[in-house]
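**Q** Construct the entire structure; sequences and hints are all you get.
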Amino acid sequence: MPHHKRADLLAAATAFCESFAQKQPPDEILSHFSTSTTDDIVAFEHGLKELAPFLGREFRGRDGVREYFEIISSCLRYDGMRFADYVVDAAEDRVAVRGAARFTWTATGESWDEVFAYALRFDEQRKVVRYEVWADSGAAYLASQGRLKELKAEGA
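By our numbering, the letter at position 76 of the sequence shown is numbered 199, and the numbering carries on one by one without gaps.
The reader is advised that the hints may include incorrect statements.
Restricting the straight-line Cα-Cα distance to at most 30 angstroms, the calculated cross-link-like pairs of lysine-lysine (DSS-like) are [said to hold, decoys possible]:
#	residue 1	residue 2
1	K146	K275
2	K146	K128
3	K146	K272
4	K172	K275
5	K250	K146
6	K250	K128
7	K172	K146
8	K250	K172
9	K272	K172
Source of the hints: derived by calculation from the structure; they are not laboratory data.
**A** Okay, structure coming up:
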């Protein structure tokens, strides 16, 4: 496997993640996704769909991915996002990365610190075709219900 392919994938994943960390507008984030007109492009955040409107369902195609990010931005805000521990699989055009940030559920104002993981798959142009997220859906749910502070206070 040529070294430049690994370096290209790492650069594409880093640029994609940094667009989040820098709170770029949705169109800038979407520019890292494939321009394919098929439903092969997918955003999927793991978790029970009953816990949050962005969990547990596939958002397909560019319009679906845009919808995912619109839902996320309507529910959450974040600060201090950073990424580390990139793992590149050049043979499969995949990159995994660990991220961390402080998230706030906007409707309740409740916040939590979270470590999360992305699994990214890229096309030949080094554009994202599959974006998967593993995050703390329990904290998100409790914050959405205004119960996270209460639970934290009980544990203190």
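**Q** Please go over all the hints and tell whether each is borne out by the structure.
**A** Hints and how they fare:
Under the criterion of a C-alpha separation no larger than 30 angstroms, the hint pairing K146 with K275 is consistent with the structure, at around 28 angstroms. Only pairs whose Cα atoms come within 30 angstroms are accepted, and K146 paired with K128 is accepted, the gap being roughly 27 angstroms. Simply put, K146 and K272 have alpha-carbon atoms about 26 angstroms apart, close enough for the 30 angstroms limit, and the pair holds. For a cut-off of 30 angstroms, the pair hint linking K172 to K275 stands: about 24 angstroms separates their Cα positions.
For the suggested pair K250 and K146, the alpha carbons sit about 19 angstroms apart, so the restraint of at most 30 angstroms is met. Proposed proximity of K250 and K128 is supported: the alpha carbons are some 13 angstroms apart, at most 30 angstroms. Distance restraint check for K172 and K146: the Cα-Cα separation of roughly 25 angstroms lies within the 30 angstroms cut-off, and the hinted pair is therefore satisfied. With a C-alpha separation of about 27 angstroms, the suggested pair K250 and K172 falls inside the 30 angstroms cut-off, and the hint holds.
At roughly 23 angstroms between alpha-carbon atoms, K272 and K172 fall within 30 angstroms of each other, so this suggested pair holds.
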